[in-house]
Each structure stands twice: as C-alpha cells, then as structure tokens.
Amino acid sequence: MITKCTSVMVKLPNVTLCAIGSEKYRAQQQNALDYSCQGIEFGAVKNIIVDCNNIDEWNKIVVYDLGDHIETDFALLIHPDGFVVHPESWSDIFLEYDYIGSPFPLPTDSFSYRDIYGKIQRVGNSVSLRSKKLLRLPKQLNMEWKSFHGFYNEDGYVSVNMRHVYEGAGCKYAPIEVAKHFGRESEIPENANVYKPFVFHKHEGRNKVYPDFEV
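Residue numbers for the sequence shown follow the numbering used here, beginning at 242 and rising by one.
Warning: the hint list may mix true and false statements.
To be verified - Pair by pair, the computed Cβ-Cβ distance ranges are:
| hint | residue 1 | residue 2 | range |
| --- | --- | --- | --- |
| 1 | Val-291 | Asp-453 | 21 to 27 Å |
| 2 | Val-450 | Gly-411 | 22 to 28 Å |
| 3 | Ile-296 | Ile-417 | 35 to 41 Å |
| 4 | Lys-380 | Ser-332 | 26 to 32 Å |
| 5 | Val-291 | Glu-431 | 31 to 37 Å |
| 6 | Glu-431 | Phe-352 | 28 to 34 Å |
| 7 | Arg-377 | Tyr-276 | 25 to 31 Å |
| 8 | Asn-434 | Thr-349 | 21 to 27 Å |
| 9 | Glu-337 | Glu-264 | 19 to 25 Å |
| 10 | Asp-297 | Val-450 | 19 to 25 Å |
| 11 | Ala-268 | Gly-359 | 41 to 47 Å |
| 12 | Phe-352 | Gly-280 | 38 to 44 Å |
| 13 | Ile-417 | His-390 | 19 to 25 Å |
As the list claims (entries may be wrong) - Once the Cα atoms are required to be at most 30 Å apart in a straight line, the calculated DSBU-like pairs of lysine-lysine come out as:
| hint | residue 1 | residue 2 |
| --- | --- | --- |
| 14 | Lys-413 | Lys-265 |
| 15 | Lys-449 | Lys-252 |
| 16 | Lys-373 | Lys-360 |
| 17 | Lys-449 | Lys-301 |
| 18 | Lys-437 | Lys-374 |
| 19 | Lys-374 | Lys-360 |
| 20 | Lys-374 | Lys-387 |
Hints listed in this document are in silico derivations from the structure and should not be mistaken for laboratory results. Every residue gets a Cβ at the ideal spot worked out from N, C-alpha and C, and that includes glycine.
Could you put the whole structure together from the sequences, leaning on the hints where they help?
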C-alpha cells in the first residue's frame, strides 16, 4: 500500500518509508506508516506484506528480501512499536551512511554486540535507515544465513555479526555520536541530553510518551 504524506516539512525523495510483516500486522504497520508521514514526503511509502510464520522467518526475510521492494537509494524501516516521532530532527547527515539505527546499550554479558574481532558495536537496531546497496548485498554475495549465540536477530546480523562482510563491500556505519540523534531505544548516558530523536523503538523510558500501534 502507498500512503500519501501530508503537512510536508521535509522532502526525502531518495528514501522509501517501509514496514514489512505478515497479513496479521497489516493494520498496525499502516498506523505506524501514517504517523511517520506527518511532516515528511518520502519517495515512496510501502506496507510490505509477506508470508511469514514466526519471528525467525521474518528476520531472514528482512535480510534477504527487503531490498527487492526498494527502488530508492535508501529505505527507512519502521515497526508498529518504533517509527518517526520527530520529523524536525531529520538531518541529511544520516544519508552519509549505509546503516544507522538507535544505539545499543553496553552489554552486560560476554557476547552481545561483539563482532568477530571482539569489538563492541554500539549502533544497530531494526528501526533504521539502510542504503539500497546494503540491502542487496546478502543476495549478491550469497551471504550465509545462520544464528549467532542461538539468535536470528536481523539487526544483529547486519550491524554486528556480519558487519565485517558489509564493511568489506564498502558499507559505512554511523557512529554513536550521530546515531543518538537518529533514534532512541534504550536510555543510555550518550543520549541523556537528546530530547527529540528522529525515530524511537520500544515503549520504554522516555519512549512511553509515543503512540503504541502494537496493541
């Protein structure tokens, strides 16, 4: 479904706003898309419905198939529990990167957010801006799909576990200094003074004030 954005303040002709999920979540996704369109005119807005029976299947679909639906240079992926809430906080600096999402907190275990070199990666998150180049790499490179530490999280796959492959192909990830202005998921010291993130994910902490379309 294509949604027409109104009350335009920001024009992003090279960005597709999208949500992807099964028929079960069509309405919730549409609500998040409609809300995210307030104040922004995107190049396209898509409510992508796919055959998906569980979260693990969904994760794989995002990694391998989302790029098939995107014609613009970038895709802004949102969810019913994470979307655009402050269009006035958009910055064209975000378009300088192939991947940018809300920062991760520091891990409390010995494996989370650590890449193959043991380095802790602080920027990921599924609600994110991704370049078409990044989206198409898994199929182009025939990248292996597998779990890491027993999980199939697509954002962990892209921003942590397989990051070395993406970076080897020329993809650029935003630093936390930029990402903290793009989005907020967790309350961390780095975003304490960021009051209006462009997007959010999960209704926790200060994010509880935003609409919850997952209900």
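Hints and how they fare:
1. Taken as a hint, the range 21 to 27 Å holds for the pair Val-291 and Asp-453, whose Cβ atoms sit roughly 23 Å apart.
2. Separation of Val-450 from Gly-411 is about 39 Å and departs from the stated range, judged on CB atoms against 22 to 28 Å.
3. The given range of 35 to 41 Å is broken by Ile-296 and Ile-417, whose C-beta atoms sit roughly 26 Å from each other.
4. Checked against the hint of 26 to 32 Å, the pair Lys-380 and Ser-332 passes, with Cβ atoms roughly 30 Å apart.
5. A hinted range of 31 to 37 Å holds for the C-beta pair Val-291 and Glu-431, which are about 34 Å apart.
6. Remark: the range hint 28 to 34 Å for Glu-431 to Phe-352 is contradicted by a beta-carbon distance near 22 Å.
7. Checking the proposed 25 to 31 Å range against Arg-377 and Tyr-276 shows it holds: the Cβ atoms sit about 28 Å from each other.
8. Distance hint check for Asn-434 and Thr-349: the Cβ-Cβ separation is about 24 Å, which falls inside the suggested range of 21 to 27 Å.
9. For Glu-337 paired with Glu-264, a C-beta distance near 36 Å fails the hint of 19 to 25 Å.
10. Between Asp-297 and Val-450 the CB atoms are about 32 Å apart, so this pair departs from the stated range of 19 to 25 Å.
11. Range check, Ala-268 to Gly-359: Cβ separation about 43 Å, and the 41 to 47 Å hint holds.
12. In this structure the supplied range 38 to 44 Å holds for Phe-352 paired with Gly-280, their Cβ-Cβ distance being about 40 Å.
13. At roughly 22 Å, the beta-carbon separation of Ile-417 and His-390 lies within the given 19 to 25 Å, and the hint holds.
14. The straight-line distance between the Cα atoms of Lys-413 and Lys-265 is roughly 34 Å, outside the 30 Å bound, and the hint therefore fails.
15. With a C-alpha separation of about 28 Å, the suggested pairing of Lys-449 with Lys-252 holds against the 30 Å cut-off.
16. Of the supplied pair hints, the one linking Lys-373 and Lys-360 holds, its CA atoms being roughly 26 Å apart against a limit of 30 Å.
17. Proximity of Lys-449 to Lys-301 is assessed by CA-CA distance (about 29 Å); at most 30 Å being required, the pair is judged to hold.
18. With a C-alpha separation of about 29 Å, the suggested pair Lys-437 and Lys-374 falls inside the 30 Å cut-off, and the hint holds.
19. The straight-line distance between the Cα atoms of Lys-374 and Lys-360 is roughly 24 Å, inside the 30 Å bound, and the hint therefore holds.
20. Restraint check for Lys-374 and Lys-387: the C-alpha separation of about 21 Å stays at or below 30 Å, so the hint holds.
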